[in-house]
Amino acid sequence: MGQLAGPTDPAADARWTDRKPRKGFFTDTSICIGCKACEVACKEWNRNPRDGDLELLASSYDNTGALGASTWRHVAFIEQGRSRIQEARETGRALVDLGMPGMGAPEPAGPAPAAPAPARATAPDAPPDTQEFRWLMSSDVCKHCTHAGCLDVCPTGALFRTEYGTVVVQADVCNGCGTCVAGCPFGVVERRSDGTAAPNHKRGERKGEKPEIPNFGVAQKCTLCYDRMLDDQTPACAQTCPTTSIKYGDRAEMVSVARHRVAELHDQGKTEARLYGANDLDGVGGTGSVFLLLDEPEVYGLPPDPRVCTADLPRMYKLAGLAAAGMVTAAALSFLGGRS
Amino acid sequence: MTAPESDRLPQPSPDGQGQHDHRRGQHIRRRRRRAGGADGSREMPMVPEAEFTSYYGRPVVKPAPWGDEIAAYLFLGGVAGGSALLAAGGQLTGQEALRRNCRLSALGAVGLGAVALVLDLGRPERFLNMLRTIKLTSPMSVGSWILSAFSAGAGVAAAAEIDRMTGGRLPLGPLRRVLRTVEKPAGLEAAAFAPPLAVYTAVLLADTATPTWNAARDELPFVFVSSASLASAGLAMITTPAEQTAPARRLAVAGVVGDLLATRLMHRRMDPVAAEPLHEGKAGMMMRVSEALAVAGGIGTLLGGRRRGVAAAAGLALVAASALTRFGVFEAGIHSAKDPRYTVEPQQHRLAARRAAGVTDDSITTSR
Amino acid sequence: MANADCIVIQGSNMAECHPVGFQWVEEAIARGAKVIHVDPRFTRTSAVADKHIPIRAGSDVVLLGALINHVLTRDLWFKEYVIAYTNAATLVNEDFRDTDDLGGLFSGFDTATGTYDPSTWAYARETGGHEDKASASGRAAGDEFGCGGPVLANSRVLRDETLQHPRTVFQILKRHYARYTPEMVRDVCGISLDDFAYLADAITSNSGRERTTCFAYALGWTQHTLGAQFIRTAAILQLLLGNIGRPGSGIMALRGHASIQGSTDIPTLFNLLPGYLPMPAAGMHDTFADYVRAVGSKKQKGFRANSDTYIVSMLKAWWGDAASADNDWAYDYLPRLTGAHGTYQTVTDMLADKVEGYFLIGQNPAIGSANGRQQRMGMSRLKWLVVRDLSLIESATWWKDGPEIASGELRTEDLATEVFFMPAASHVEKAGTFTQTQRLLQWRHKAIDPPGECQSDLAFFFQLGQRIRQKLAGSADERDRPLLDLTWDYPLEEGGDPDPEAVLAEINGYRSGPDGREPLSAYTELRADGSTTAGCWIYTGVYAGGVNQGANRVPNGGPGPAQSQWGWAWPANRRILYNRASAGPDGRPWSEQKKWVWWDEERHRWVGDDVPDFVPDRAPGSRPDRALGGPDALAGDDPFIMQCDGKGWLFAPNGMIDGPLPSHYEPQESPVANALYPQQQNPSRIMFPRTDNLSAPSAGAPGADVYPYVFTTYRLTEHHTAGGMSRWLPYLAELQPEMFCEVSPALAAERGLEPYGWATIISPRTAIEARVLVTDRMTPLVVGGHTVHQIGLPYHWGVGTQAVVTGDAANDLLGVTLDPNVQIQESKVGSCDIRPGRRPQGGELLRLVAEYQARSGVTIVTGNVRITDPDREITDPPPGPDAPGTEGGTP
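Chains as they are written, first to last, in the working numbering: chain A, 3 to 342; chain B, 5 to 372; chain C, 1312 to 2202.
Take the hints with a grain of salt, since some may be wrong.
[Unchecked claim] List time: in silico DSSO-like cross-link candidates among lysine-lysine, alpha-carbon distance up to 27 angstroms:
1. Lys1485(C) - Lys1390(C)
2. Lys1362(C) - Lys272(A)
3. Lys1906(C) - Lys1390(C)
4. Lys320(A) - Lys139(B)
5. Lys1711(C) - Lys1665(C)
6. Lys1665(C) - Lys1782(C)
7. Lys1665(C) - Lys1694(C)
8. Lys22(A) - Lys139(B)
9. Lys1711(C) - Lys1694(C)
[To be verified] Sample of chain B residues lacking proximity to chain A, with all beta carbon distances greater than 12 angstroms (derived):
10. Ala76
11. Gly115
12. Pro128
13. Ala156
14. Gly159
15. His271
16. Leu355
[Unchecked claim] Chain A regions said to be covered by chain B (calculated; three or more residues, Cβ under 8 angstroms):
17. 31–44
18. 173–187
19. 227–239
20. 256–269
Note that these hints are calculated values from the structure, not bench results. All values derive from a computational prediction rather than experimental measurement. Beta carbons: idealized from backbone N, C-alpha and C, even for Gly.
Same shape as in the complex, but just chain A (with noise of 0.2 angstroms):
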């Protein structure tokens, strides 16, 4: 059994002799105009079905609602008011206050996605007045963690650790046993039970119609493309985000490029900004998708201490062991109780 929590390279603890770097996501929200494009194309290079009940879900412009058997990106709406956003930038500045990690300052930013500084940033402590109203957009994702609870529970090894240290299922292997939709701390990984990939071009098709499904019945989630990633090309999201909030590299690379860009926020005076995921003393010891949240994570339907529940499962290994034990006993003496 491998690391189960704390810092490491999870596809070497995966033991891989052919480990390529880790790869991972840096999606900036900042920058997100909500376009939705990552979950069409997404939807279309993975062929995942349309799913929902084509309603209003009564979330601002979001009609997805959350990540799931058939959705691996999800763009979050939020609309906020003037009092949210003071809060907003209020914990944000608590937490520069708490002065943590204690992980030493921003490397460098890595090279292409990184934006260059920009040419007048205001002083730091000169914060911008805070608006009347602003409105959140983010795009969610899998955050194929350090340690993966998805992975750890479950007990087919149709999820894998891949040799890029991404988290995959095999649709081919997993027989649906649910194991690891309750493992997931964010709610990611999910069993596929209905949802159509047909367009509507035949006469006679109806809104509501579903043809059959891909993969039904299994547990499905991003896979970071590893397919694409095979072939050095990018995840399909990435590539089609228009503004570049969604990066793709080297997840040290990631890494540093996210503490660069929520530094040069903070130069802004725009407390508010800050990373997650970014961590790797964390509960999940860091995730291969980092994100920079202008608010609190359980705001963007986030959670805001996730802890890998492997991490405790030796302890809960050796309670269960002295419980049993107490069976044992307990059986024991009722019969032995009759003999004295």
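Given chain A's structure and the hints, the job is docking chains B and C onto it.
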């Protein structure tokens, strides 16, 4: 969107339970007071205390896609495990009726349980993939092997009983001698895997991101073995004449005591928010009835266990109590996953607590 | 745009409707640029902008006019640039009268025809008197003159470089915009003084030698009864600030589809020939000589004087040997316009049974055009209808499942229209070019063969042409000559379809030399002697050297800042037009930071990062003999080489139908009175006073309160216009599955609208239903004391049964009233009422609409009066005999 704003919109209620929305309503009002004014613009800038905000009330984690088959399996696995122990005891102490009945119960329970498991798979035809590998990090994998090993022993032992009951009319031929010789070791083998079978399901539930299950991880194994003990003992009291159920009755009482202690301890040590689903709603009701039945069954066993009728009644109560415990715990967990509050608030609490204790380097949210 | 220091996005939702182009805005932001979004709604563009300024739809001229006034009164204009490069110093003739003198009209208005005689707007002449009268050429004349405006016989104009003379354009401009103040902006646009100050400061502090500001607009500016004037106002502002022809400057016209720019370059417009050459008009361009004189006389300054070479080369490309000097290059094969034939005139003609057949090519007017009911009723009067599209769009199925079938106005069994559906190939199933917003031609390779009977438009029309020519073969009838003489001989690919590259080569053009035909490399090589051909002169060079330049795909466009190795930009692969203006009069760049092209003394040439947009060896200081015409007449400081005086036009002596300077008029339907002039609406607007096109009362007139709210229509990222390319695709349909309206919490409270419940929106045309999005993104505006609520309506959905998602069509609410310059409908603003609940079905719907009409007392006269208040608006005596024709459904 802030809760006050989102409050104006109809919140999709993930589980469609009235009390669920009701709770959010209360919560919003709590915020309203704190924010002072609908838009809260006059509010003093301050770091808000850890409190619940969600994305349109949608779940953060996903509930396991498990139906009642799994809840039933939790129960049946326990019954099977306990029964196999009792059968072994009967085997060793030469109480034939107890041995026979418990062997049959064990096979029956584990058989039904296995069927339930397979039916709940997304792709039942692939159930054998469970034995494709051994993964210690996966309680489901470990459990599958325990279940298989147990079933083998329990199956052989029970087959021997059936052969005897049918007066050796099973078409076994030369195998009959083999069966006779492996029967005893098989019974003991099943007994060896019985406690693991009874307890691993606790780890299966606890080893998830499902808030209530995970929060109960320390005590759940004890709850489950106790529940397994009293259930199997209760079943024995139903199936077996009183003169041979003395051990079962002792086990039953021990089980009841253990069940009460473990459950109460569990409630006390869990994060209060994560424990809520165990008290409220359908699950809470099942847990309360279960406790009552367990107590009743225990007292019945103590006072009238020697009288067949009373014993049977008490046994029935115990069996029901165990079933309700398992369904209650199962339901509570599923519910806790559907409401983001149970995921977010306990996490905020523990994060705040760590920070208060000076641990500031392990948050997933960082300023750089 | 990436080079801009400040970007003002107004009349456009760029991030949502042009997300790919928006990457350049994001890049500018990354470089520290400030982005301001002026829009009635807080959109996904506002979400990433530094500031969103809500504005009342249709009031943009007031805001931009006030910025002009701000720049002039505070002396913030770019002196050297304005004096040298614009017509600020030019004198206008003494008969010109401005709107302040005439209660909202300019001199020369003819109330009978609703058109202007622009002769009094002309430049004053050295020789005294007027210039040769350039008459308004009837409806839709403005855009016929493309970017140049019509003839100005030669360059002898009077200028006062001190700008002091009261008749200089500069002084006229100052007077014209004097009443466009921040207070006026507050009271008309609903924009606070602070927000105006913020905007004014952002623009002016980011303009000048060191910095540039860029504007971006789309249909939020064009789709108004004075849309062309919105853009003119921005052009004046940008000229005053020196923001034309320089990196990070300009006014970006964001085009709505992949190749909508291409479809105006090689137009699908009734009044244009390729390259913005006007379509000959009966009575004006009867002979080839008339035509050439009208579009570009040899005496005129600038490259438009070479128009004869452009038209002759085009005629040669079309008719080959049949076009010769003897028959004026087959000029008479071209039809002559007898009036406006825009889509809306055509539909009214259908209703009058004047049209038998109709082709719909990738267009869904049943959903996408204003007053959809009128469109569908019009189609129901056709004998035959051909729909070429990717799927069975509503325009192909209205006869069985359209709203009029539901309401009982039409019964399928009564309809005689024969509808043919021709499945079309999608853009990945055919090769060709897209010409996008930046004038960039990008070659598209074919990815897969079209499925089934789907066909490319090229193949379709090629074969249609062949069949018609077969039918006409041997005909002696003169009228068949143009068809029979057409060069219709394209090489075929395997599969039998014509080779698209051959078409591109024909558009580029050839010189017939000794050794056969050689591709031309620049439009300057075109000749009027028949030795050259070119299907579209501005595209000449796209096939230079026989190479498909549109297919150039050097990563990042190559090393230079112009990125000139990605695709090919017309003309001459020039990335910034009029870029001579990026250098000062002396030929040196205005600043190191903003250098683009400059004069190289040693090599005695213009050089730089881009292809210089000037006579390559014309020295900065040169002052050619003013008797000369054409390019030779261009002085060293005449950067606007297509203009007949080489200058940027602050004041348009002609070329605009509805006035030389933009003035604010209220929309056709408006809750408020025009605060600037007695004249309420644009007097030159094109009206269709019909019972099926009623307009709501305006400005507190009786019945105005029946339709108290303003609605505006728009697109969402998730869908494509009328939905033909998105509502049929599950992946797109699921992202925005239902028709909705966006309202402010205040309006929701006022009308009792439930969030995400249903609402019914009623206009004088019809009523539709939509789900309600209650959002703070919609801001109620206080205008002239009272609150104006605006309702947002995406227009992607339609009533039908074929699409994955369907819904009511917002455009059905719109009336048809047009901008006189470009014939575009006013679809960005209208009046309506909104109430909770779903709309009635069937005949009940008609009764609801009629009940509202009755209550408001609307008639065909309502809103269709030309002169709002004749007593206060003095109009000139009607103009001379050459008063323009009055077609186009005007009253």
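Structure-inconsistent hints, enumerated in ascending order: 12, 16, 17, 19
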